[in-house]
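Peer 1: Here is how the chains run, residue by residue.
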Amino acid sequence: GQQVMQIPQYQHVQEGEDFTTYCNSSTTLSNIQWYKQRPGGHPVFLIQLVKSGEVKKQKRLTFQFGEAKKNSSLHITATQTTDVGTYFCAALLGAGNNRKLIWGLGTSLAVNP
Amino acid sequence: EAGVAQSPRYKIIEKRQSVAFWCNPISGHATLYWYQQILGQGPKLLIQFQNNGVVDDSQLPKDRFSAERLKGVDSTLKIQPAKLEDSAVYLCASSPLTVGNTIYFGEGSWLTVV
Numbered sequence: 653g654q655q656v657m658q659i660p661q662y663q664h665v666q667e668g669e670d671f672t673t674y675c676n677s678s679t680t681l682s683n684i685q686w687y688k689q690r691p692g693g694h695p696v697f698l699i700q701l702v703k704s705g706e707v708k709k710q711k712r713l714t715f716q717f718g719e720a721k722k723n724s725s726l727h728i729t730a731t732q733t734t735d736v737g738t739y740f741c742a743a744l745l746g747a748g749n750n751r752k753l754i755w756g757l758g759t760s761l762a763v764n765p
Numbered sequence: 611e612a613g614v615a616q617s618p619r620y621k622i623i624e625k626r627q628s629v630a631f632w633c634n635p636i637s638g639h640a641t642l643y644w645y646q647q648i649l650g651q652g653p654k655l656l657i658q659f660q661n662n663g664v665v666d667d668s669q670l671p672k673d674r675f676s677a678e679r680l681k682g683v684d685s686t687l688k689i690q691p692a693k694l695e696d697s698a699v700y701l702c703a704s705s706p707l708t709v710g711n712t713i714y715f716g717e718g719s720w721l722t723v724v
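Sequences listed follow chains A and B, in order. Per the numbering used here, the first sequence starts with residue 653, numbered consecutively. Per the numbering used here, the second sequence starts with residue 611, numbered consecutively.
Honestly, I wouldn't trust all of these hints.
[Claimed, not checked] The list that follows gives simulated cross-link-like pairs (lysine to aspartate or glutamate, EDC-like), each with its CA atoms no further than 16 angstroms apart:
(1) A:LYS752 - B:ASP666
(2) A:LYS688 - B:ASP666
(3) B:LYS654 - B:ASP667
For the record, the hints were derived by calculation from the structure and aren't laboratory data.
Okay, chain A solo, but in the shape it has when bound (with noise of 0.2 angstroms):
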């Protein structure tokens, strides 16, 4: 069935250093969106994006969606221990009526202090 791919699974690391995660799909996506989730908490909308090749950004976290519309990436910039969380993406496939949102996996990402 259609896939989004998100890796990695898991990432370590200390506090200050960057983190990125990536969503990849063989087909084109009408958007993507992100999402983090806290341990022992629910998923949090954080950003949707639907043009090629668009870029946004929230304080240290940075969202791209590829030019292509199958891959897209979240960034975090001198991560701290508040960013803590397994990230999301979620990809919008099909049209119509055969439109679904398609979860990655998520990759957790842990801060040491």
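Put chain B on the given structure of chain A with help from the hints.
Peer 2: Same frame as chain A, now just chain B:
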């Protein structure tokens, strides 16, 4: 604005027993989702409602799981009989209109089957 409400927050049952979860979405949100999230994994869509109609239930184990959304507002998800592998967090979520809009999740209902 009130968020997505779910109950109960925690439930422990024995295998072969039944359990029901309730969800009240954000007011005005037409789309309601039930997701199953097993520890360490991403959310898996069980069923999606648009108002009170089912849009996608392709991953719902229909021999034991059922869900309804009467009057297009509240929803219940039932498991009967429960199996050990049903231990997970059941997340209800809602979004305005249709697929592609931001999804707002509830706190989740944590189920342990022993």
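Peer 1: Hint by hint, say whether it matches the structure.
Peer 2: Hints, one by one, checked against the model:
no.	hint	verdict
1	A:LYS752 - B:ASP666	holds (9 angstroms)
2	A:LYS688 - B:ASP666	violated (24 angstroms)
3	B:LYS654 - B:ASP667	holds (11 angstroms)
Taken one by one, the earlier hints fail for this structure only at number 2.
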